[in-house]
Amino acid sequence: DAKTTQPNSMESNEEEPVHLPCNHSTISGTDYIHWYRQLPSQGPEYVIHGLTSNVNNRMASLAIAEDRKSSTLILHRATLRDAAVYYCILRDGGATNKLIFGTGTLLAVQP
Amino acid sequence: DAGVTQSPTHLIKTRGQHVTLRCSPISGHKSVSWYQQVLGQGPQFIFQYYEKEERGRGNFPDRFSARQFPNYSSELNVNALLLGDSALYLCASSYNRGWFSNEQFFGPGTRLTVL
Numbered sequence: 407d408a409k410t411t412q413p414n415s416m417e418s419n420e421e422e423p424v425h426l427p428c429n430h431s432t433i434s435g436t437d438y439i440h441w442y443r444q445l446p447s448q449g450p451e452y453v454i455h456g457l458t459s460n461v462n463n464r465m466a467s468l469a470i471a472e473d474r475k476s477s478t479l480i481l482h483r484a485t486l487r488d489a490a491v492y493y494c495i496l497r498d499g500g501a502t503n504k505l506i507f508g509t510g511t512l513l514a515v516q517p
Numbered sequence: 019d020a021g022v023t024q025s026p027t028h029l030i031k032t033r034g035q036h037v038t039l040r041c042s043p044i045s046g047h048k049s050v051s052w053y054q055q056v057l058g059q060g061p062q063f064i065f066q067y068y069e070k071e072e073r074g075r076g077n078f079p080d081r082f083s084a085r086q087f088p089n090y091s092s093e094l095n096v097n098a099l100l101l102g103d104s105a106l107y108l109c110a111s112s113y114n115r116g117w118f119s120n121e122q123f124f125g126p127g128t129r130l131t132v133l
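Protein chains in written order, with this note's numbering: chain A, 407 to 517; chain B, 19 to 133.
Note that these hints are calculated values from the structure, not bench results.
A hint or two may mislead.
Some, not all, of what chain B presents toward chain A, calculated at C-beta under 10 Å [said to hold, decoys possible]:
(1) Ser-25
(2) Ser-45
(3) Asn-89
(4) Ser-91
(5) Leu-101
(6) Ser-104
(7) Leu-108
(8) Glu-121
Note that the structure is predicted; figures quoted are calculated from it, not measured.
From the three backbone atoms N, C-alpha and C, an ideal C-beta is built for every residue, glycine too.
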């Protein structure tokens, strides 16, 4: 299973953009890049996913490097509600839905 | 619409006992996955069930078992509990599996404490 590397923690100010990096140098051609976040005392929540092209949705944007060895989750305007652990996950397109979580990045948002 | 529900919310057991955790997926979702989250770590995959059949198994001992019912709800059973089984047990549902599955929806989890 391919692994991801994320910083343990990051800080941001409210209303400012946040760029959360993820390295995945051993990614294979069939691995999708998924991001989930986990707010305190809750189960993980899907944020966004992509394969090769940059992706946007109502929650965030996902920028994928051309060689796919790294990606960045972009929160355009951080709010206090965005304080959570953010997980970058590689999921292959095989028969299972298995997600392999690392330890993620703990994002703190300051008012 | 109701999200993924899990019961019970909290549970305290002693070593050697047996526990059954329950999960109801979002209506119409056919896939249920179970994860174990130890404090300070990310969730670890235990099982996936799709259309009542096991489709994936993580690196957990045979003390862990699960099943899925015709209504797609699921049970996770753990026998001969150890102190190390203390964790948050998460259930996730999705409509499809594999290539066709994108977003998974997680429940709030069951907090199991083994004394």
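Do the hints match the structure? See the list:
| no. | hint | in the structure |
| --- | --- | --- |
| 1 | Ser-25 | violated, 14 Å |
| 2 | Ser-45 | violated, 18 Å |
| 3 | Asn-89 | violated, 19 Å |
| 4 | Ser-91 | violated, 17 Å |
| 5 | Leu-101 | violated, 22 Å |
| 6 | Ser-104 | violated, 16 Å |
| 7 | Leu-108 | holds, 5 Å |
| 8 | Glu-121 | holds, 4 Å |
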